[in-house]
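K.L.:
Reassemble the complex: the two chains are provided individually, in unrelated frames, and hints are given to aid placement.
Chains as they are written, first to last, in our numbering: chain A, 1 to 471; chain B, 1001 to 1183.
A portion of the hints provided could be inaccurate.
To spell it out: a stretch of chain A is covered by chain B in this simulated footprint if at least three of its residues, at any positions, have a beta carbon under 8 Å from a beta carbon of chain B; those stretches are [to be verified]:
| hint | stretch |
| --- | --- |
| 1 | 222-229 |
| 2 | 258-270 |
| 3 | 311-317 |
| 4 | 400-409 |
No lab work stands behind these hints: they were computed from the structure.
Cβ atoms here follow ideal geometry from the backbone N, Cα and C, with glycine treated the same way.
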Amino acid sequence: MRFPLIPLASLLIFHLVTESLLASDLTISGFNQLEYSQIEKTRKELFENWLDVKAFYNDFNLGLRYENHHPSLEDSIWDGIGFRYFEFSKEYLTLTLGNYYEMFGRGIVLRSYENRDIRNDNNIEGAKLSLDWERANLKLLSGQMLGKYGTRGNPLRGMDFSLSPINWASLGGSYVQTEIEDWGKVKLYSGNLSLYFSFIDFYAELGKKENPSGLDDGEAVYLASNLYGERFGLTLEYKDYERFSFVDRDITYNNPPELTRAHQYTLLNRQAWELNPYDEKGWEVQGNYSPKDYLKLLVDFSETHDQKGRIFSSEALFTEAYAEIRYDYQELATVKFVGDRMENKKSFGKPEITGAVMDVTYYLDDKNSISGVIEHLHTSKFQKDLKYYEQLYTLTFSRSPVYSVTIGAERTTQDLEKKRWAYLSFDLTILERHNISLTYGTRRAGKVCASGMCIERPPLEGFELKVLSQF
Amino acid sequence: MTKITLRTPLAILAGLMVLLSARTSISGDHKAPNFVLEDLNGKKFELEKNLDETPIFISFWATWCKPCIKELDQMKKVQKELEDKKFQIIAIDEDGPRTLSKVKSFVKSRGWKFPVLLDKNKKVYRKYQVVGLPYSLILDKNGTIIFSHSTYRPGDEKIVKKKILELISEQEKSSEKKEKEKK
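Just chain B, with the same shape it has in the complex (with noise of 0.2 Å):
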């Protein structure tokens, strides 16, 4: 058997710090990769149709999954507490065929407003490159990730809050500049 030592996924590790000290180097802000899933009632939604000048929250998440489930619980309150803002939120449902006729009962009760679409068989998730859940990522007007987040601590909420804001608001700054330059 090779002989392994904590050398060696410290070396990983290392090697990991190196890509990322590079990755704005190798590929800039990443432009969220575009997908189109069925939405509860078998209607289709298409990212890049819906990049509608205002920022993007996207969960991805599961019945099954606590922590997605309380992140989604308090993303409904920033929703509610933001609601004279433009800006959407996004579930992407990881449930498999074990779970996957539950998950629009679930989501009624649970009385989320924002848009809940199911990736039957993780083709979104493999295309993000998600590995555990919850994950969670931020989309500027343009489809350009500008944050991303694994896992969800309470308190996440807040820091998601704070960016969504801060993107509102240069968004505003950057019409009101375009609506003075033609006057």
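Chain A on its own, in the form it takes in the complex (with noise of 0.2 Å):
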């Protein structure tokens, strides 16, 4: 029998390797998602996972995401590496190669990131160095940014800086190009000013949009303050973006801020608008005001308006006017409630849509609570020819930190073949780092929106299975 040298000699070193590693400053992590649904007549099933796992040692970082999906939320299948990374920080510098995410400014003329909720990850591959001192930053990227349906755009360059030579005050610029498909060369830029004062601050930034032709040149315009003072505080902010899309096929590089209400509740985040930069214009203001430690008021009022439309004239989009209202009793209970109007003169009938939100939570002791939410939304559309109402409700057993039980139930009385929606969930949380949640019954389909984007999410009829897992 030969001696088996290689492989022994192999196991040592590596032995070797991995102790001499574990004693230094080596961590290594992960985290794991899986979401299995399965449709209990048809047998069809949605298998998703994705492992992320990361390394750290001295100032090395390095990083891979492994993926499954059999089929996707999307209906493709694939498995392999979606992401992977190597990061070398010291000091004031950090170059990454491999893929990357990134924003400049506030996402007008460039953002890449991943949001699991709406599956959208665009990540950009190729390299990026930023230099980050205590009152100026630099990026310096190039790479191919990923689309919806796994294409890689052209080579994408760009710049961003910040100066911030004074406490109350700082400057960026951001410089994007790549070739798009339709205009050939595309060059966005843009510059921002923040300002900071005891009571009010200020973010102002414009945007351009330029290409050879000259026939997609586009402006973009957003402009945000604060005004607040102990108990109280106001935002406004107005958006303007003229032909400011910057998409080649399924390759979407920017997200401008949206200026509508984002909502927590199921109902009404269903009906969120879908941002449109190419021809867009409108403002938001929201207050928020707390008289007392158990008061809490909040009021929302947003209207979107095409380049033809004028501001503060009836001819909106989409107006949205929103308020809320939440109230502690002692320790014992909190309140909830919300209203809703808006109007979107975009989507098909021109729905006029009410809602009304109650949330009530009842704390029976230090450990276990009951909470119950009822969502009320009425719709009419077609000048009011056709009306109907939505109703979800939840109610939620919770102990902590252990687990929850909710049972839920939705109706409706729209012209569909399937009216009544109910199901059971329970979340359970082991050992700090594990969350499972198993879902029985049947969900209505229905849009998820996040940053201005929004996807259809399939029908629950069966079972759904969500694991979290770090590590």
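P.N.:
This is the structure in structure tokens:
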């Protein structure tokens, strides 16, 4: 028998290397997200898994994400490494090679990000250099952005800087360029200014888009101001995006601020406005006031027009008025009421939607609580010729920190084949680092929206398993 | 299409359990990765420079996340209850461009007295491998993660408070011991 020298030597070297690494500053951490669902009647399955592993060793950091989609929520099938990178950081310098995400300013000229709820991942593959000093930052990047259906765009180059010479002000600028199929070489640049005072602050960003033909040149303006006091805060925002979408096939390079309310409740979230940076202007105001520790008020109003529309006129494509009041009754209960009104002239039938939510949590003791949420939405379309309502009820018993059980039911009077849905959900936390969620029953299909983007979630008709594990 | 049955996710679950059992031998206690973020006034905050002989509670949150806000409102109460003790709360905001401008007025109206840092494109979120909000951590005085927790259920703040008090007590004992040794 031959002596297995090579395997044994390899094992010995591996052991010595890992021992010495473990004795030093090596940290390995990982996260796994699994989503599985099965339709009971047809046995059709959705299965997605993301395994992220990262290693930190002194100034080095590397990581990868292995993904399985069999099929994905959007019906594609693939396995493989979806993201991998190597990063070196020393004092003020960070160099990244491989895949990375980046946002310049407020996303007006460039935003690369991942949001699994809406299945968005437009990472860039290439190299990035960041220099981060106390009063200045500089980022230089080069790479290709990922599209929704897996294609990579043409080479993208970008630069972003900010300077804060004084405590109450900072100046910045961004530049990106790439080639897109319809227009050839496209350049986008923007400048921004931030001012901070004791009770007010201000942010302004102006962007410009250019291409050699000049036919699709665009402009973007985004302004925001905060006014605040001891228990009071007011935010005013303004947007004006004219031909400022930066899209090539299935690749979306930018994601400017949307200026409509981001909803916490399911039925309202399904009605969210989808951003169109090609032709949109509008404003939003949000006020927060807490007269007492136990009482909190929030109001929000937004208006969105196309470029033809006049601000403050009734021609708005989308308007929304929202108000909520939250009252904490001693340590016993929290009650929240929400009222909302939306008018969407761009959507089919020009719906006018009125919503109300009641959200009550009752604390049984230090660990146990019961919460109930009733969401009601009334919709009228085609100048009130078509009317229907939707209601969603959820009742949750929760025991800290281990588990919660939720019963949910939804019904509608809309002219649909199915009008009622009901499910039971059990969420369990094990060893602080593992969350398992099992749902059985039926749940309605619907839009899930974030960052001005939405995806259509399929209905649940069977069971769904979600597992988050950190190690 | 590749046939997937319930066995597949269960196999992955089993794999994860193996990894879980091996976690202490792979990485030991995790040292919290350092980060630099801007606060609501544009000033830079570096974690390593703020490891100040006190435990730190870090919460990842966003203005649109209902349980996150509940958790931080409760932590505001914990901060008040422990005002004579030395510990820090840091809230890392994960709002994107859509809601980023609203963070400051929201925080001011809420009366949160702890630093709120803006993680504008989820750089720190990814570094800490957060997948859902809320996500919270407790670091000891050396920056080692001694507790991490996803989601928020009413009552979780009591566990956090207990862990913080345990850490403070351990630190007080160790500094008393050091002083005695010096004498």
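K.L.:
Counting residues of the stretch 400-409 of chain A with a beta carbon closer than 8 Å to any beta carbon of chain B, are there 3 or more?
P.N.:
holds (count 3)
K.L.:
Do three or more residues of the stretch 222-229 of chain A come closer than 8 Å to chain B, measuring C-beta to C-beta?
P.N.:
n = 5 at 8 Å, threshold three: holds.
K.L.:
Are there at least three residues in the stretch 258-270 of chain A whose beta carbon sits under 8 Å from a beta carbon of chain B?
P.N.:
holds (count 6)
K.L.:
Counting residues of the stretch 311-317 of chain A whose CB is closer than 8 Å to a CB in chain B, do you get three or more?
P.N.:
violated (count 0)
The structure shown violates just one earlier hint, number 3.
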